[in-house]
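Peer 1: So the chains spell out like this:
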Amino acid sequence: MICMNVISRQFFGPSIGFHSEVAKFAVVISTFMGISYAARKGRHISMSAIYDTVPWRIRKAMAILIPLVTALILFALTYVSFEYVVNEYERGTTTAYLGMPTYLMYLFIPLGFFMGGIQFVRNLFVNIVNKEVYIGTDALDYNDNKPEDRHIDDQMQV
Amino acid sequence: ACGGDTDEEEADNGGEDTGDNTEETTDDGSGEEASGDFEEQEWIFITEETGEQVQMAYADEFAKRIDEKSGGNITVETYEFGGLGSETDQVVQLQEGTAQLAVTSPGFIGNTVKESQIFGLHFLFPESVEETQQVLNESEAINVDLVEQYEEVGLEPLAFWTEGAMQWTSNKPLAAPADFENFKMRTQGSELQNESYGAYGANPDGYSWGELYTALENGTMDGQENPIFFIADASFHEVQDYMTLSNHNNYVATTTVNQEWYDGLGEAERALVDETVEELQSWVFDEQKRQNEEFLSVIEETTEIVEISEEDREEFKELAMPVRDFYRENISTVDGAILDKLEQEIEEITGE
Amino acid sequence: MLTILLGIMVILLLLNFPMMIPLIVAPFVVVLLGYTKFPIDSSVMVGQLVTGIESYQLLCVPLFIFAADIMTAGKTSQRLLDFIGSFIGHLRGGYAVTTAAACSLFGAISGSTQATVVAIGKPMRERLLKVGYKDSSAMALIINSSDVALLIPPSIGLIMYGLVSGESIGELFIAGIIPGLIVFLAFTLYSVIYAKVKNIPLSDKATWKERFYSFRRALFPLGFPILVIGGIYLGWFSATEAAGISVLYALILEVVIFRAVHIKQLPSIALSTGLVTSAVFVLVAGGQVFTYLVNLEKIPQMLSDAVLGSDPSTMYVLLIVTIFFFVGCMFVDPIVVILVLTPIFAPIASEVGVDPIHLGIVITFQAALGSATPPFGVDIFTASAVFNKPYMEVIKGTPPYILIMVLISVLLILFPQISLALL
Ligand code: NA
Ligand code: NA
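Residue numbers (the numbering used here), protein chains in the order written: chain A, 870 to 1027; chain B, 2 to 353; chain C, 14 to 436.
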């Protein structure tokens, strides 16, 4: 992701085909690879209003159930998107400028979903093993922090 | 694949009696084939254009005729560019059979069917749009050899037709190759296009379509190429001082269908598709002519029209010749065999 | 089908699933269960994930966020505050006006409402409390003024609309200027009246020497919006290029000139930007899958026939759009609302002749309004986290601002010129 920033920073100026292809690869890779990292940090954007107001017990149950279902969904998406990659490989499409096989780029979708799925399984386990509620393996639920210990980044959305 | 001469004759006849007799013809069609013959079904038809641009006009006319001829049993849903994703998505959906029919052009399908980029070569086809359409109808190189290239990736081209000649718009007159010196030319970004404009000494750039208007307005880009109706639709003439009637090539569209779907159609349905596509060859020729003429008069109001002299055209053509070798070596998957054949056929038709 | 599609989405959303899940899953479920008119090979939809994020213009999102993050970590906001404060701080309601002005200015630099709440809201709230404002009204002022960031370019909301609708982001930015200024002026007027009514004491007037000093200190930050907005307006650069220049400017400002951000901090700022960016981009990717299905099934056409009747008026359509986006943004993150509702409503609006740029402004305005409106407006939660204040306290002061925003909404619908005049 830093990479993407560095790369994209070098690319303002007229968008030559080469640039936009590299930029597209970079965006796709960092977006899908970012799924697991954001999951680890508990930074996926979600609508937490109800979650924030329910009692601890229900919250704990949700913190187990949601990663479980999310992981299963991500594994299913891994399968479907891998199918697409195989088809893309068979179609043999290449990019216009670099002549790079496009399936290489699409490969990062199942990879990203799969790693995301693994991370949600880890989020699930950390909630089963520990007494506290975690929204990511690296992030305790902000509802259980004392307000003064909360980090603003935990709440930052765009 | 389409046959040669018969197409052309029918196209000519069709051309003469479009207008008054169209209805009569279609009535005959639906009369012969009872609507009960067709099972109820819906087909998806995607194009690369929007609104009432030539490709959408074609698709909508196709849908209308199919609806009439099938007694309303077959519905063709038409989709504008962008409705079902990017150009890549469109090709993929056609290949996978999610969409049954599409209008494709080299700019969109050139990475899937490399050989289709042949239509991008400059000064290969005749200067006259009529003659170009004649080549598209009659050429064996196109209707047999090139078709095979599509079939290899699961696509079946049913007809090739022109959307009109490509023209240059610019902020300084482009009348001779020397005018291209250091000229920032917007292309769709393919290697062949960049090579083509590089040959004139220009700086080609695959500038993104979405920002092109602004780029032309403030001189980030000096010029671009497109058929007249497209230029007017995008209002490029508002921000460009000149339009050169370069006719350097034609925007060639291909009515393409999913091969598996086409082969699996019942005989009556396939005949219906074939017949309609054939009728539309002359219809769409008139349609593109109408649009291009209509919009030329719109553009003329604000933009100076530049014509290329015979000598300058020869000079352009000479500079463009090496690009054909580039095509043979770097683009073609059959070592230029189709191009060789096409060159001969064009010579025969134009008598040059 | 639309009911099932939206139903699945809303249920998963309310259950606190990461928002990418409802966006991606709902279309797949609908397709797999065969609720679509056409048989669709679900794997074809995977291609849409990439289509959603392949636009070159999208690159301006991480760049603007990165620039905002650098400036939030640095001194830009402080200097802007000092500058505005020294000129108008002593007037009736001066601090409130300063807040509104600083939020607008910082909003003009950063694309993000939340960044504005943090950068301006934190220091201003203390000053407001000191001169006698009630906490609830101080927070309401901050939340709503920060929303101007969503209208005044650069704006993530406008970028998202531009991406989904295919409209020029540069033009949208320019169209956002006047509505943003109107909101700022309305808030200023309200602040002055409020201060008079509540009899907020006046503070000391700054000397001209102090003013000159603070002006000099704020010179570089002030040059920033002029460069970005002016550059886009004059056609010097596109939105993406402007974003790149923003980053460069922020770096020079905070790292080289102010020395407020150390080079060593940049990787962690970039990482945080990257994290936010990929969380947003996954949504954009998923949003395209949803858009695809909406287009394939021709839902806009279906809706415009069924709901709007055969000959709906422009006003009626804009009113419907306004209500849907406002209500949507009251509950869900504005980015998601724009991703989901734009493909449904933009074709309908364009059919009755609404200018797509104007529509973008109306939609983004509702996103700004909705996200500051209870029950679930995201800004309220940000403020509650930033200021460590309970939810109820944060929302108590918001009604007057919401009323002002609703009135401006009406103006915006009635007079498209407000957004189109500068184009
Ligand atoms: Na902004
Ligand atoms: Na907001």
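The set of hints was computed from the structure by calculation and includes no laboratory data. Quick reminder that beta carbons are idealized off the backbone N, C-alpha and C, glycines included. Keep in mind that a hint or two might mislead.
[Claimed, not checked] Not close to chain A: a few residues of chain C, all C-beta gaps over 10 Å, as computed:
#	residue
1	52
2	209
3	246
4	290
5	337
6	413
7	426
[Claimed, not checked] List time: in silico SDA-like cross-link candidates among lysine to any residue, alpha-carbon distance up to 20 Å:
#	chain 1	residue 1	chain 2	residue 2
8	C	311	B	52
9	B	115	A	927
10	A	893	A	967
11	B	115	A	972
12	B	115	A	959
[Stated by the list, open to error] Derived coverage of chain C by chain B (criterion: at least 3 residues anywhere in the stretch with Cβ under 8 Å from a Cβ of chain B; other residues may be distant):
#	region
13	64-72
14	187-201
15	301-310
Peer 1: It remains to establish, for every hint, whether it holds in the given structure.
Peer 2: Consistency of the hints with the structure:
no., hint, in the structure
1, 52, "holds, 16 Å"
2, 209, "holds, 34 Å"
3, 246, "holds, 18 Å"
4, 290, "violated, 7 Å"
5, 337, "holds, 17 Å"
6, 413, "holds, 23 Å"
7, 426, "holds, 26 Å"
8, C:311 - B:52, "holds, 15 Å"
9, B:115 - A:927, "violated, 58 Å"
10, A:893 - A:967, "holds, 12 Å"
11, B:115 - A:972, "holds, 17 Å"
12, B:115 - A:959, "holds, 15 Å"
13, 64-72, "holds (count 5)"
14, 187-201, "violated (count 0)"
15, 301-310, "holds (count 4)"
Of the numbered hints given earlier, the model fails hints 4, 9, 14; all others are met.
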